[in-house]
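*Asks:* Produce the complete structure using the sequences and hints provided.
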Amino acid sequence: MQTTIINSKTVAMRNTVYHSIKLFLLLSIVILGACQKEKNNNQPATCPINVSTIAGTYKITSIKYKGNFNSSETDYLQFMDPCERDDEIFLSANGTYRHFDKGQICSPDGNDDGVWSLNDKTLTSDGLINGTIEKFDCKVLVFYLVDLIDPGDKMTFLMTRQ
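Under the numbering used here, the first residue of the sequence shown is numbered 1, with each subsequent residue one higher.
One or more of the hints may lead you astray.
Derived SDA-like pairs (lysine to any residue); straight-line CA-CA distance at most 25 Å [to be verified]: (1) Lys59 with Ile149; (2) Lys66 with Asp86; (3) Lys64 with Lys139; (4) Lys66 with Asp112; (5) Lys59 with Arg161; (6) Lys59 with Tyr144; (7) Lys102 with Gln78; (8) Lys102 with Thr53; (9) Lys66 with Asp137; (10) Lys154 with His99; (11) Lys154 with Phe79; (12) Lys59 with Phe79; (13) Lys154 with Ser72; (14) Lys121 with Gly56; (15) Lys59 with Glu134; (16) Lys64 with Asn94; (17) Lys135 with Met155; (18) Lys121 with Cys47; (19) Lys139 with Ile49; (20) Lys102 with Asp112; (21) Lys139 with Cys83; (22) Lys102 with Thr46; (23) Lys139 with Ser92; (24) Lys139 with Thr46; (25) Lys64 with Cys47; (26) Lys154 with Asp126; (27) Lys135 with Ser107; (28) Lys121 with Tyr65; (29) Lys154 with Pro82.
Keep in mind the hints are simulated off the structure, nothing from the lab.
*Replies:* The structure is reproduced here in structure tokens:
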């Protein structure tokens, strides 16, 4: 009779452990699924490309140049003076811009004002902001120029909203 009591206790204990493990796995799947959905919702979406969504303050964080004959990509940011690499550009929704010589100030300073416009995906200005928009997610603006130095080449600018 004692063996029957031990066996029923063992079976009951195994069932409890088995159900606890099943519950733990089920909860883990639900929690991980919820986290995955949240992560996907937080990924930057493509923003509409228009003057009002692009307007804001940016810093140039990358300039890449690729020649036309399978040449390797060159980091053009390295050729800028250190006092230029920390500058910011404010693009106003009214079509004006302001270039701020921030951080390490160049001599003479690089402060500048001008005008900019957007036509479909083409940025035009009387300053640094010229090219075709490749990507915009409301945080990062990527635009490029082709045939800048040689036919078939491409220079890509990446600006990050501040």
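*Asks:* Determine for every hint whether it applies to the structure shown.
*Replies:* Here's how the hints hold up against the structure:
1. Lys59 with Ile149: Distance of about 24 Å is within 25 Å: holds.
2. Lys66 with Asp86: 24 Å, holds
3. Lys64 with Lys139: Holds: Lys64 and Lys139 sit about 19 Å apart, inside 25 Å.
4. Lys66 with Asp112: The hint is violated at about 28 Å.
5. Lys59 with Arg161: Holds - the C-alpha atoms of Arg161 and Lys59 are around 7 Å apart, at most 25 Å.
6. Lys59 with Tyr144: Satisfied, since the Cα-Cα distance of roughly 16 Å is no more than 25 Å.
7. Lys102 with Gln78: Answer holds: Lys102 to Gln78 is near 18 Å, not above 25 Å.
8. Lys102 with Thr53: 24 Å, holds
9. Lys66 with Asp137: 23 Å, holds
10. Lys154 with His99: Holds, at roughly 24 Å.
11. Lys154 with Phe79: 17 Å, holds
12. Lys59 with Phe79: Holds - the C-alpha atoms of Phe79 and Lys59 are around 16 Å apart, at most 25 Å.
13. Lys154 with Ser72: Between Lys154 and Ser72 the Cα gap is close to 12 Å, so the pair holds against 25 Å.
14. Lys121 with Gly56: 17 Å, holds
15. Lys59 with Glu134: Holds: Lys59 and Glu134 sit about 17 Å apart, inside 25 Å.
16. Lys64 with Asn94: Distance ~29 Å between Lys64 and Asn94 Cα, so the pair is violated.
17. Lys135 with Met155: It holds: about 14 Å lies between the C-alpha atoms, which stays within 25 Å.
18. Lys121 with Cys47: 12 Å, holds
19. Lys139 with Ile49: Holds, because 12 Å separates the two Cα atoms, which is no more than 25 Å.
20. Lys102 with Asp112: Since the Cα atoms of Lys102 and Asp112 sit roughly 12 Å apart, the hinted pair holds (cutoff 25 Å).
21. Lys139 with Cys83: At roughly 23 Å apart (the allowed maximum being 25 Å), Cys83 and Lys139 satisfy the hint.
22. Lys102 with Thr46: 29 Å, violated
23. Lys139 with Ser92: Holds: Lys139 and Ser92 sit about 16 Å apart, inside 25 Å.
24. Lys139 with Thr46: 10 Å, holds
25. Lys64 with Cys47: Holds - the C-alpha atoms of Cys47 and Lys64 are around 23 Å apart, at most 25 Å.
26. Lys154 with Asp126: Since the Cα atoms of Lys154 and Asp126 sit roughly 20 Å apart, the hinted pair holds (cutoff 25 Å).
27. Lys135 with Ser107: The given pair, whose Cα atoms are some 33 Å apart, is violated under the 25 Å limit.
28. Lys121 with Tyr65: Cα-Cα ~20 Å, so holds.
29. Lys154 with Pro82: Holds: Lys154 and Pro82 sit about 24 Å apart, inside 25 Å.
Hints 4, 16, 22, 27, counting from the list given before, are not met by this structure.
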